[in-house]
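S.K.: Sequence:
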Amino acid sequence: MLISIVLQMFALPCLLLSMDKHFKVVFNTRLTKKARYTFKTIGWSGMFISTLLMLQLSGVEIVYWLAYLSFNIALLISLYTWLFASKNSL
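Everything in the sequence shown is counted per the working numbering, starting at 989 for the first residue and increasing by one.
Don't read these hints as lab results, they were simulated from the structure.
For each residue, glycine too, the CB sits at the ideal point set by N, CA and C.
Keep in mind that a hint or two might mislead.
Claimed, not checked - Keeping only pairs whose Cα atoms sit at most 25 Å apart, straight-line, the calculated PhoX-like set for lysine-lysine is: (1) K1022 / K1012; (2) K1021 / K1009; (3) K1022 / K1009.
Stated by the list, open to error - Quick list of the computed label-pair ranges, beta carbon to beta carbon: (4) F1072 / T1020: 17 to 25 Å; (5) M989 / R1018: 22 to 30 Å; (6) Q1044 / R1024: 26 to 34 Å; (7) W1070 / L1043: 18 to 26 Å; (8) S1074 / L1040: 31 to 39 Å; (9) K1022 / A1055: 17 to 25 Å; (10) L1043 / T1017: 34 to 42 Å; (11) S1058 / K1022: 28 to 36 Å; (12) T1069 / T1029: 25 to 33 Å; (13) G1047 / K1009: 34 to 42 Å; (14) M989 / W1032: 26 to 34 Å; (15) V994 / W1070: 20 to 28 Å; (16) K1012 / L1043: 33 to 41 Å.
Could you build the full structure based on these sequences and the hints that come with them?
M.R.: Set out below in structure tokens:
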């Protein structure tokens, strides 16, 4: 279960960075097509493998997976907002 959650925590930022506006805020440069494809592939593959790992355990574990997914999304939103606010204040 821990491997699945860690994989999910790695995959979500990859999906976030595959979008132009988020990539530009973090790296202050434009997102190339190759980087977009790479981030999307890593992100979706990680989410898929994470889901498969949780489904192997039992049916109830998917509830935990969804709970951790919502927690990770809230954490990423908070970090992204903080990063965006700190870059705008400079």
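S.K.: Please go over all the hints and tell whether each is borne out by the structure.
M.R.: Here is what the structure says about each hint:
no. : hint                      : result
1   : K1022 / K1012             : holds (15 Å)
2   : K1021 / K1009             : holds (14 Å)
3   : K1022 / K1009             : holds (16 Å)
4   : F1072 / T1020: 17 to 25 Å : holds (22 Å)
5   : M989 / R1018: 22 to 30 Å  : violated (38 Å)
6   : Q1044 / R1024: 26 to 34 Å : holds (31 Å)
7   : W1070 / L1043: 18 to 26 Å : violated (34 Å)
8   : S1074 / L1040: 31 to 39 Å : holds (37 Å)
9   : K1022 / A1055: 17 to 25 Å : violated (34 Å)
10  : L1043 / T1017: 34 to 42 Å : holds (38 Å)
11  : S1058 / K1022: 28 to 36 Å : holds (31 Å)
12  : T1069 / T1029: 25 to 33 Å : holds (27 Å)
13  : G1047 / K1009: 34 to 42 Å : holds (37 Å)
14  : M989 / W1032: 26 to 34 Å  : violated (21 Å)
15  : V994 / W1070: 20 to 28 Å  : holds (22 Å)
16  : K1012 / L1043: 33 to 41 Å : holds (36 Å)
In terms of the numbered hints stated before, the structure departs from hints 5, 7, 9, 14, listed from lowest to highest.
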